[in-house]
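Q: Residue 31 in full-length UniProt numbering sits at position 31 of the sequence shown, and the numbers go up by one each step.
Any given hint might turn out to be false.
Straight-line distance between alpha carbons at most 25 Å, and here's what the computed DMTMM-like set of lysine to aspartate or glutamate pairs gives [what the hints assert, rightly or not]:
1. Lys68 / Asp44
2. Lys84 / Asp14
3. Lys42 / Glu77
4. Lys68 / Asp45
5. Lys42 / Asp14
6. Lys31 / Asp45
7. Lys31 / Asp44
8. Lys37 / Asp23
9. Lys68 / Glu85
10. Lys52 / Glu85
11. Lys57 / Asp14
12. Lys71 / Asp45
13. Lys37 / Glu85
In case anyone wonders, no lab produced these hints; they're calculated from the structure.
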Amino acid sequence: MPFYVYILRSPSLDRYYIGHTGDDLSQRLRKHNSNHKGFTGKVDDWTIVYTKMYPTKTAAYQAERQIKAWKSRKMIEQLIAGNKEI
Numbered sequence: 001m002p003f004y005v006y007i008l009r010s011p012s013l014d015r016y017y018i019g020h021t022g023d024d025l026s027q028r029l030r031k032h033n034s035n036h037k038g039f040t041g042k043v044d045d046w047t048i049v050y051t052k053m054y055p056t057k058t059a060a061y062q063a064e065r066q067i068k069a070w071k072s073r074k075m076i077e078q079l080i081a082g083n084k085e086i
């Protein structure tokens, strides 16, 4: 079973959300765009702007943590553009 790191973008918030999942990505996006408690539940315009597949949940989680540790919008946008690697 593949696992994914993904980055979502909300135009209305002008923000990114970074996560990992073993679910189908389109199903996961629907959950983020549904009305729920939590950061992504505030709006329903999230789109997937980056994905990378990993063989294990641990590897996907570690990649997610690395991206979040950057704390840099510029580095995240370089990753999305293909100019940076995890």
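Q: Could you run down the list of hints and mark each one as holding or not?
A: For each hint, the structure was consulted:
1. Lys68 / Asp44: 22 Å, holds
2. Lys84 / Asp14: With Cα atoms ~21 Å apart, Lys84 and Asp14 stay inside 25 Å; holds.
3. Lys42 / Glu77: 22 Å, holds
4. Lys68 / Asp45: 21 Å, holds
5. Lys42 / Asp14: Satisfied, since the Cα-Cα distance of roughly 13 Å is no more than 25 Å.
6. Lys31 / Asp45: 12 Å, holds
7. Lys31 / Asp44: 10 Å, holds
8. Lys37 / Asp23: 20 Å, holds
9. Lys68 / Glu85: 14 Å, holds
10. Lys52 / Glu85: 11 Å, holds
11. Lys57 / Asp14: 28 Å, violated
12. Lys71 / Asp45: Distance ~23 Å between Lys71 and Asp45 Cα, so the pair holds.
13. Lys37 / Glu85: Distance ~32 Å between Lys37 and Glu85 Cα, so the pair is violated.
Violated hints, listed in ascending order, are 11 and 13; each of the other numbered hints is respected by the structure.
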